[in-house]
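> The lines below spell out each chain.
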Amino acid sequence: MIKAANISHFYGAEQVLFDLSFEIKSGEFLFLSGESGSGKSTLLSILSTLLKPSNGELLIDGESVEKIKNIDYFRQSKIGFVFQFHYLINYLNIYENIALAALEDKKQNIEKILEELGILELSSRYPNEISGGQRQRVALARALVNEPKIIFADEPTGSLDSKNSQIVYSLLAEAVKRGTTVVVASHDMQIENYATQIIRLKDGQIL
Amino acid sequence: MISLKALGKNPFKTLLIFSSITIAVMAIFLISSVSQGVIGMYSKMIKTDGDIIITQKGISDTFFSNVDIALMQKIDALQDVASSYAMIVGASPIGHIPIAGIYGTTQNHMSHYKLIKGKYPKEGEVILGANLAKQFATVSVNIGSKSFGISGVFSSEIGFEDGGAVMNIEDAGKLFNRSASFILVTSDSPNSTDDIVKKIALLDDEIEVKTTQNFVKEYNQFKIIENSSLVVSTLAFAMGLMGIASVMSMIVNSRKEEFGIMRALGKSRLFIIKNLFFETLIMSVSAYLFAFLLSLGILAMLPHIEMLHGYVNGTLSLSTALYVFASTLFMALFGSLIPAWIASKTDPILLINQGSA
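So the protein lines, in turn, are chains A and B. The number in my numbering is simply the position in the first sequence, starting from 1, with 718 added. The number in my numbering is simply the position in the second sequence, starting from 1, with 21 added.
These are computed hints drawn from the structure, not numbers from a lab. For each residue, glycine too, the CB sits at the ideal point set by N, CA and C. Certain hints may be false.
[To be verified] With a straight-line cut-off of 30 Å between C-alpha atoms, the simulated BS3-like cross-links for lysine-lysine are: (1) K65(B) x K138(B); (2) K867(A) x K65(B); (3) K785(A) x K295(B); (4) K277(B) x K867(A); (5) K743(A) x K288(B); (6) K867(A) x K167(B); (7) K785(A) x K366(B); (8) K167(B) x K195(B).
[Stated by the list, open to error] Listed next, the stretches of chain A that the computed footprint assigns to chain B, with coverage defined by at least 3 CB atoms under 8 Å from CB atoms of chain B: (9) 721-727; (10) 759-772; (11) 807-815; (12) 885-893.
Given these sequences and hints, build the entire structure.
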């Protein structure tokens with residue numbers, strides 16, 4: 719599903735990733751672990767097409783990211799994001815937040831996903847009217863709505879208590895069971911229980 | 022839909038943009054309307070009762086023009102001339118009013134002023150416009166250094182006339198030391214106007230003869246008013262533009278996270294630009310309508326403000342409304358262009374960087 723070949727990255731003169739090569743198969747639950755400053759957020763940004771690597775090649779679903787003409791559509795149709803902070807748009811209600819991300823032909827999925835995540839009754843509420851755990855579930859619903867091939871999650875439980883963290887991990891694991899590839903960057907070692915593949919980073923290199 | 026919700030979520034900033042557009046649009050409306058009103062009043066005065074106007078050669082303003090009234094006899098004798106009359110236009114303090122329009126006219130034009138009270142003036146008398154007459158309960162009034170009896174009151178829809186005084190041309194001649202400011206000629210048929218213009222021009226080397234249509238088109242004072250109005254309107258437009266651009270920049274800066282989310286979700290740059298344009302468009306169209314109604318209200322009030330004596334009058338034409346509407350749209354789109362462009366360039370990576378901070 720994802721093939722990284724000799725990925726390196728520089729911020730100015732400082733090199734933060736060193737010649738990384740690895741492969742993530744379809745339906746894997748990859749745990750990207752490492753200390754702060756290890757380069758995991760940079761690597762996640764590169765894998766999720768948000769950042770162009772300084773060197774190396776990235777292939778997603780057989781396509782070289784560099785050669786993709788409409789990266790916006792590619793991102794919308796094939797990739798889902800979950801961030802540490804829910805990043806919901808606060809003037810849109812829950813349904814509208816998810817609809818904003820949904821492709822036209824995937825809008826029919828919204829209610830089904832909200833129901834599966836147990837938040838259907840929240841659809842007309844606004845982000846500031848629900849709890850932190852509920853918000854993260856909405857963010858997950860938004861990531862799932864287009865039935866993406868890959869979900870990238872950056873510290874998805876960073877702002878949640880352990881109970882809500884477990885819920886989020888279980889939901890990501892459910893997505894993996896349905897064939898979605900999940901890549902999670904986190905400090906939280908609990909995720910090891912769900913991961914099928916682990917990449918540990920230190921100082922920009924795979925250990 | 023998203024644009025409407027976004028506007029509702031930022032009421033203060035929305036109000037700021039709305040206000041800056043409203044003020045700019047209203048300023049453009051009022052400046053254009055008042056200058057058009059002033060031009061309209063004066064050109065109506067000239068155009069209503071004549072096809073041809075004769076003024077002194079080389080004089081930029083009818084106030085300074087001096088034409089020999091004796092020319093009227095020669096003009097009346099020309100073929101195809103239906104009638105002619107002479108006028109003196111001037112301005113002078115009237116009683117306690119610091120300045121008002123004084124119109125001296127020949128007897129054959131006196132009926133142009135519709136009497137609502139009293140009779141037309143004889144020597145040493147004036148009739149006052151209805152607006153000016155409100156200021157005087159006396160039987161006489163001082164104009165310049167002379168006292169004139171008030172013989173009647175007339176009404177005119179032309180603000181300059183309604184706020185002024187009319188007297189015989191002989192009295193006005195003594196007051197302003199001239200024979201006539203201009204002579205207006207009416208032809209028997211519109212086809213003969215150009216011929217008459219040529220014939221009159223041959224009568225005296227010191228005169229300038231034009232059709233009233235051309236006179237209004239070429240009159241320097243109108244050009245000055247139009248150009249001044251254009252300059253002030255352009256300044257108002259520029260201020261509105263800067264207002265939109267600066268508040269939109271503030272809005273874009275405070276909503277960076279939101280644009281980052283949209284970019285991360287795969288929304289195109291065009292989507293963000295279109296939404297911000299649409300937000301500005303909604304505000305601009307509403308501000309335009311609001312400014313239009315306010316301007317209509319102010320323009321309706323202007324003729325009734327006593328201290329203005331009806332001299333300031335606004336005409337809001339369809340072409341002005343369309344011109345201001347086009348300016349508003351241009352102001353909105355141009356003002357939001359750079360902020361929208363910056364917003365669309367928001368790098369979604371900031372969401373990950375914030376998360377890992």
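> Can you confirm whether the C-alpha distance between K167(B) and K195(B) stays at or below 30 Å?
holds (10 Å)
> Hey, K743(A) versus K288(B), does the alpha-carbon distance stay inside 30 Å?
holds (27 Å)
> Check whether the Cα positions of K785(A) and K295(B) lie no farther apart than 30 Å.
Status holds; Cα separation ~27 Å.
> K785(A) and K366(B): Cα distance at most 30 Å?
This hinted pair holds, its Cα atoms lying about 20 Å apart.
> Okay, the segment 721-727 of chain A and chain B, do three or more residues pass the C-beta test at under 8 Å?
Three-residue rule not met by the segment 721-727 of chain A, so violated; n is 0.
> Check, residue by residue, whether the segment 885-893 of chain A contains three or more positions whose beta-carbon lies closer than 8 Å to a beta-carbon of chain B, and give the verdict.
violated (count 0)
> Given as covered by chain B, does the segment 759-772 of chain A meet the bar of three residues or more with CB within less than 8 Å?
holds (count 5)
> Holds or violated: K65(B) and K138(B), Cα atoms, limit 30 Å.
holds (24 Å)
> Given the proposed pairing of K277(B) with K867(A), does the C-alpha separation stay at or below 30 Å?
holds (28 Å)
> Is the hinted pair K867(A) and K167(B) satisfied, with a Cα-Cα distance of at most 30 Å?
Violated, at roughly 97 Å.
> Under 8 Å between beta-carbons, do enough residues of the segment 807-815 of chain A, three at least, approach chain B for the coverage claim to hold?
Three-residue rule met by the segment 807-815 of chain A, so holds; n is 5.
> Does the alpha-carbon distance linking K867(A) and K65(B) stay inside the 30 Å limit?
violated (75 Å)
Checked against the numbered hints above, the structure breaks hints 2, 6, 9 and 12 and satisfies the rest.
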